[in-house]
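So the sequence lines, in the order shown, correspond to chains E and V.
Residue numbering for the first sequence follows this note's numbering, starting at 1 and increasing by one per position.
Residue numbering for the second sequence follows this note's numbering, starting at 1001 and increasing by one per position.
Since the hints were derived computationally from the structure, they do not count as laboratory data.
Everything numeric in this text was worked out from a predicted model, so none of it was measured.
Where is the CB? At the ideal position from N, CA and C, for every residue including glycine.
All the given hints hold, so there is nothing to weed out.
In the SDA-like style, the derived pairs of lysine to any residue whose C-alpha atoms are separated by at most 20 Å in a straight line are:
no.: 1; chain 1: V; residue 1: K1015; chain 2: E; residue 2: L245
no.: 2; chain 1: E; residue 1: K86; chain 2: V; residue 2: V1037
no.: 3; chain 1: E; residue 1: K423; chain 2: E; residue 2: I137
no.: 4; chain 1: E; residue 1: K86; chain 2: V; residue 2: A1045
no.: 5; chain 1: E; residue 1: K306; chain 2: E; residue 2: I41
no.: 6; chain 1: E; residue 1: K326; chain 2: V; residue 2: G1010
no.: 7; chain 1: E; residue 1: K86; chain 2: V; residue 2: N1047
no.: 8; chain 1: V; residue 1: K1015; chain 2: E; residue 2: W244
no.: 9; chain 1: V; residue 1: K1023; chain 2: V; residue 2: T1077
no.: 10; chain 1: V; residue 1: K1059; chain 2: V; residue 2: V1034
no.: 11; chain 1: E; residue 1: K308; chain 2: E; residue 2: L173
no.: 12; chain 1: E; residue 1: K166; chain 2: E; residue 2: S177
no.: 13; chain 1: E; residue 1: K185; chain 2: E; residue 2: L295
no.: 14; chain 1: E; residue 1: K86; chain 2: V; residue 2: V1060
no.: 15; chain 1: V; residue 1: K1023; chain 2: V; residue 2: G1010
no.: 16; chain 1: V; residue 1: K1015; chain 2: V; residue 2: V1055
no.: 17; chain 1: E; residue 1: K326; chain 2: V; residue 2: Q1019
no.: 18; chain 1: E; residue 1: K326; chain 2: V; residue 2: K1015
no.: 19; chain 1: E; residue 1: K326; chain 2: V; residue 2: C1011
For the chain E half of the interface with chain V, some residues (derived, Cβ under 10 Å), not all of them:
no.: 20; residue: T38
no.: 21; residue: K43
no.: 22; residue: L70
no.: 23; residue: V78
no.: 24; residue: L80
no.: 25; residue: G83
no.: 26; residue: K87
no.: 27; residue: F158
no.: 28; residue: K326
no.: 29; residue: I418
Listed next, the stretches of chain V that the computed footprint assigns to chain E, with coverage defined by at least 3 CB atoms under 8 Å from CB atoms of chain E:
no.: 30; stretch: 1031-1044
no.: 31; stretch: 1054-1066
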Amino acid sequence: MNFFVNLLYSGLGNLASYLAAHVLLCLLPAFYIAGAMTALIPKETVTRFLGRNTPKFISYPAAALAGSVLAVCSCTIVPLFAGIYKKGAGLGPAITFLFFAPAANILALIYTGGVIGPDLALARFILSLAFGIGIGIIMALIFRHEDVEHDKATDAMFAAQGKMRKVALVFLLVLVSLLLSGTLKVGLLTNTYSTFTIPISGMDKVQDFLYNLIPYDSAKGEEGVTAQGAILIGLLVFIGITSWLGMENIFDGFNKWTWISLSLVALTLLVAAVGMSPHAGGLDVLINGKFFGVLLALIVLGYILKTKLTEDETRDFLWESWKFVKQIFPLLVVGVFAVGVIRALIKPEWIESLAGQNTLLGNLAGVVFGVFMYFPTLVEVPIAQMFLSLGMHRGPLLAYLMADPELSLQSILIISTIIGRLKSWTYVAWVALFSTLSGLIYGAWVDGAGIGLVALYLILFLALLSGSLWFVNRRNVQKMAAVH
Amino acid sequence: MLTIKVLGSGCANCKRVEQIVRKIITDMSLEAEVIKVTDYNDITAYNILSTPGLVINEKVVSYGRIPSPAEVTTWITSALETANP
Chain E
1 MNFFVNLLYS GLGNLASYLA AHVLLCLLPA FYIAGAMTAL IPKETVTRFL
51 GRNTPKFISY PAAALAGSVL AVCSCTIVPL FAGIYKKGAG LGPAITFLFF
101 APAANILALI YTGGVIGPDL ALARFILSLA FGIGIGIIMA LIFRHEDVEH
151 DKATDAMFAA QGKMRKVALV FLLVLVSLLL SGTLKVGLLT NTYSTFTIPI
201 SGMDKVQDFL YNLIPYDSAK GEEGVTAQGA ILIGLLVFIG ITSWLGMENI
251 FDGFNKWTWI SLSLVALTLL VAAVGMSPHA GGLDVLINGK FFGVLLALIV
301 LGYILKTKLT EDETRDFLWE SWKFVKQIFP LLVVGVFAVG VIRALIKPEW
351 IESLAGQNTL LGNLAGVVFG VFMYFPTLVE VPIAQMFLSL GMHRGPLLAY
401 LMADPELSLQ SILIISTIIG RLKSWTYVAW VALFSTLSGL IYGAWVDGAG
451 IGLVALYLIL FLALLSGSLW FVNRRNVQKM AAVH
Chain V
1001 MLTIKVLGSG CANCKRVEQI VRKIITDMSL EAEVIKVTDY NDITAYNILS
1051 TPGLVINEKV VSYGRIPSPA EVTTWITSAL ETANP
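For reference, chain E alone in the conformation it holds in the complex (with noise of 0.2 Å):
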């Protein structure tokens, strides 16, 4: 019985440490740049550039941008990566744009960055760009003589030309400059300017409850729930029920709760981002450079929501930051909840031995255990961050955290009622490839080997590709004129 208590206590744990300190700052802000990216980015203005007459060297990078801003939602991916496929540019962009949609999106990025580190996600991110235009070229010539008999229906669907509004641009980057405020580690934003207290005698005491009711060895990289955690708790709970009220509905139009619930937002976003220590005599607050930065963002979004959008634009994009919020959040939530209870099950020696080391075992390990394992979105970050306390080593960590999010059966199988089995099956192979080697790569770099070796190794790897896409080119010209 003592067993069940104590892997419900550490789930709970997890749970708690998991909204107070890392939620707040990095995700409430992802989830509305993403909204706004949603709907504040007209598709054509990137889709154009995947249409049949574009150059390579321009469709394959618009396939990445594409995977990157407009696609966080499956209801995008599906079928623009159908549409690529058969009536766009092709099926080597239309890899490309389907390896990186999950790998690099914007809302997976900033929470990998936000909760495993910025070099992590950064290592994600110029990976992902590179292994996915690698995978899309060698795919689109492994399959060449295929996509050539593809029907060659006109460009129209491509044509559409979109602009994106002024102001909506501005919109989002200072969404991003509020993202970066409360992030970014620098001294400006975390010196501390001026101090107040609030007299609320015992704060100590609520200090010292709170790490006893939810305990936490720092040691397994565990974080206990701070006074101020908790009060961020409280608001996110509020954030819940009165947002459901106003964003639910908000196509019958905007009520109070919209407002009252974005109204809190902000708050929560402004206690997030300053210091708090509790002691005896009450509770210090102290004012960090974050904080104005917080607020200014704030003051300059509320004046642009409220005088220079559009209703219609208003209105979408709350719609769209609600319902990834509601799409991904829950499963999050149980995610990290059940991350919590394995975490005490596994024990640290069996993660040691298997990935605590950048080998070539320890990378396929992980990508095997990516493969196979299916976590909806985001989930996939904090399963990464506890392998990572347990011992993992950074280099099989990356090559998890590449190969879980593109390869799961269910997407496998989507995939493959549009190009067949072959193709996908063909894919699977070379994403799992890809992985294992970026994880190596990245596990060397880690591990202090000098760029000169990192990039040797990337040469030689690249020498190998291409000689063996040159061998398979080669057949296929043969096999093209053996046929005519």
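Let chain E serve as the given structure and place chain V on it in line with the hints.
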């Protein structure tokens, strides 16, 4: 008689579009058939790049966003006029 198709695999936005359409049909007391198209091959046949899509009498009137009830009413009215001049 109108044929209205809602294209989409069943994500939140697609359901929302279907709701809006059904409400308008009831409000205008029209005779119309609302079909949900969920198969991706059928959806891409309509040349749309993102769901939800809305098709009235085989003509795509909107995709990739949730149209407002006012817009949908306009489209339905003009489709009715084209059908019965």
